[in-house]
Amino acid sequence: MVPALAGKRIAVLGGDARSFFYIPALQEAGAAVKAVGFDKTVALVSCELVALAEALIWANVIILPMSGVASDGSIVAPHTDNSLILTPEKCALTSAGLLVLTGVANAHLKELSAIYGWRLVEIAEIDELAILNSIPSAEGAVQMAMEASDITIHDSVSMVLGFGRCGTTLAQALAGLGATVMVAARASRDLARAKAYGYQAVDLLALPEFIGMVDFIYNTAPALVLPRALLLLTKPEVVIIDIASGLGGVDYATARRLGRKALLAPSLPGKVAPRSAGRILGELLPGIIDQHFVRRDY
98 MVPALAGKRI
108 AVLGGDARSF
118 FYIPALQEAG
128 AAVKAVGFDK
138 TVALVSCELV
148 ALAEALIWAN
158 VIILPMSGVA
168 SDGSIVAPHT
178 DNSLILTPEK
188 CALTSAGLLV
198 LTGVANAHLK
208 ELSAIYGWRL
218 VEIAEIDELA
228 ILNSIPSAEG
238 AVQMAMEASD
248 ITIHDSVSMV
258 LGFGRCGTTL
268 AQALAGLGAT
278 VMVAARASRD
288 LARAKAYGYQ
298 AVDLLALPEF
308 IGMVDFIYNT
318 APALVLPRAL
328 LLLTKPEVVI
338 IDIASGLGGV
348 DYATARRLGR
358 KALLAPSLPG
368 KVAPRSAGRI
378 LGELLPGIID
388 QHFVRRDY
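In my numbering, the protein residues as written are 98 to 395.
Hints may be right or wrong, so weigh each one.
As the list claims (entries may be wrong) - Simulated pairs of lysine to any residue, SDA-like, Cα-Cα distance not exceeding 25 Å:
| hint | residue 1 | residue 2 |
| --- | --- | --- |
| 1 | K368 | D113 |
| 2 | K187 | P175 |
| 3 | K137 | R106 |
| 4 | K358 | Q297 |
| 5 | K368 | A122 |
| 6 | K131 | L217 |
Unchecked claim - Okay, the calculated beta carbon distance ranges per label pair:
| hint | residue 1 | residue 2 | range |
| --- | --- | --- | --- |
| 7 | K187 | P121 | 45 to 51 Å |
| 8 | H389 | P175 | 24 to 30 Å |
| 9 | L330 | H251 | 20 to 26 Å |
| 10 | S192 | L361 | 16 to 22 Å |
| 11 | A221 | E244 | 24 to 30 Å |
| 12 | Q240 | Q388 | 32 to 38 Å |
| 13 | P100 | A272 | 41 to 47 Å |
| 14 | E125 | R286 | 38 to 44 Å |
| 15 | T138 | A193 | 28 to 34 Å |
It is worth saying that the hints were derived from the structure and are not from the lab.
We treat Cβ as the ideally placed atom computed from N, Cα and C, and that holds for glycine.
Work the whole structure out from these sequences, hints included.
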């Protein structure tokens, strides 16, 4: 049997420590892999390290960090002191039809994909990946809350904003630690599901009635759900952990002025459990790449 990734030339561009654990899985599936942006941790990478331009010319698949790229094309690369930027000159080195994988793509990355004919796939919303990733995300959020507070999760009042895949796992973890769990959501089905799990369900429109009794707030919604008006109603000692993507869902300027402890915590899986999160990617990426790869001559 031909390995699933035979013939795939995969360039891993930047990213966190998850890369150390999913690259071997790609190689075992038959792919040739090169990496960019790991010169400070060369001993931990099981593939050849190359310059960005070389990788873009060579690859027929590119894996970007889960956070995608910044609005100027820069790539998160904590394991190098060199800047990685997808400039127009470098993007022009790629071949049309290049498969580009990232977690979440902003408008700039989508524009680059349209200009240079890339096949862009956002993997963060793939159910299997999102559900499995919710486990290290939830554990990391709880860890941050414990470190930021002088009370226990047990016997606290903890509110989860949003009841999607991550919110569901987080609420279960908090309940398991003995917290009284409130779930705030907008959709009636999410509120009904929260009740079915035994949590106190709160419509987002009713937050002003409940938010003042909460010790910990965990936001999973990528929208401004904690504006100034709501922050004014919170306890002075409240701890807010914001694990939503992008800029999060908290008015951070107001939180600072009020002295509220609000922490933005994106990409938690790669920070708190890179081995587990990397292995999750290693299990799923070969199938995702094989599904979206268009076979052609490069």
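So, going through the hints one by one against the coordinates:
At roughly 8 Å between alpha-carbon atoms, K368 and D113 fall within 25 Å of each other, so this suggested pair holds. With a CA separation close to 21 Å, the supplied pair K187 and P175 stays within the 25 Å bound. With a C-alpha separation of about 23 Å, the suggested pair K137 and R106 falls inside the 25 Å cut-off, and the hint holds. Note on K358 and Q297: the hinted pairing holds, with a Cα-Cα distance of about 24 Å set against a maximum of 25 Å.
For the suggested pair K368 and A122, the alpha carbons sit about 20 Å apart, so the restraint of at most 25 Å is met. Restraint check: the Cα-Cα separation between K131 and L217 comes to about 19 Å, which is no more than 25 Å; the hinted pair holds. A hinted range of 45 to 51 Å for the beta carbons of K187 and P121 is inconsistent with their spacing of about 27 Å. The given range of 24 to 30 Å is respected by H389 and P175, whose C-beta atoms sit roughly 27 Å from each other.
Remark: the range hint 20 to 26 Å for L330 to H251 is upheld by a beta-carbon distance near 25 Å. Separated by about 37 Å at the C-beta atoms, S192 and L361 break the suggested range of 16 to 22 Å. The hinted window of 24 to 30 Å between A221 and E244 holds, with their beta carbons roughly 26 Å apart. The beta-carbon spacing between Q240 and Q388, approximately 34 Å, falls within the hinted interval of 32 to 38 Å.
A C-beta distance of roughly 43 Å is found between P100 and A272, which places it inside the suggested range of 41 to 47 Å. Distance hint check for E125 and R286: the Cβ-Cβ separation is about 40 Å, which falls inside the suggested range of 38 to 44 Å. At about 33 Å, the beta-carbon gap between T138 and A193 stays in the expected band of 28 to 34 Å.
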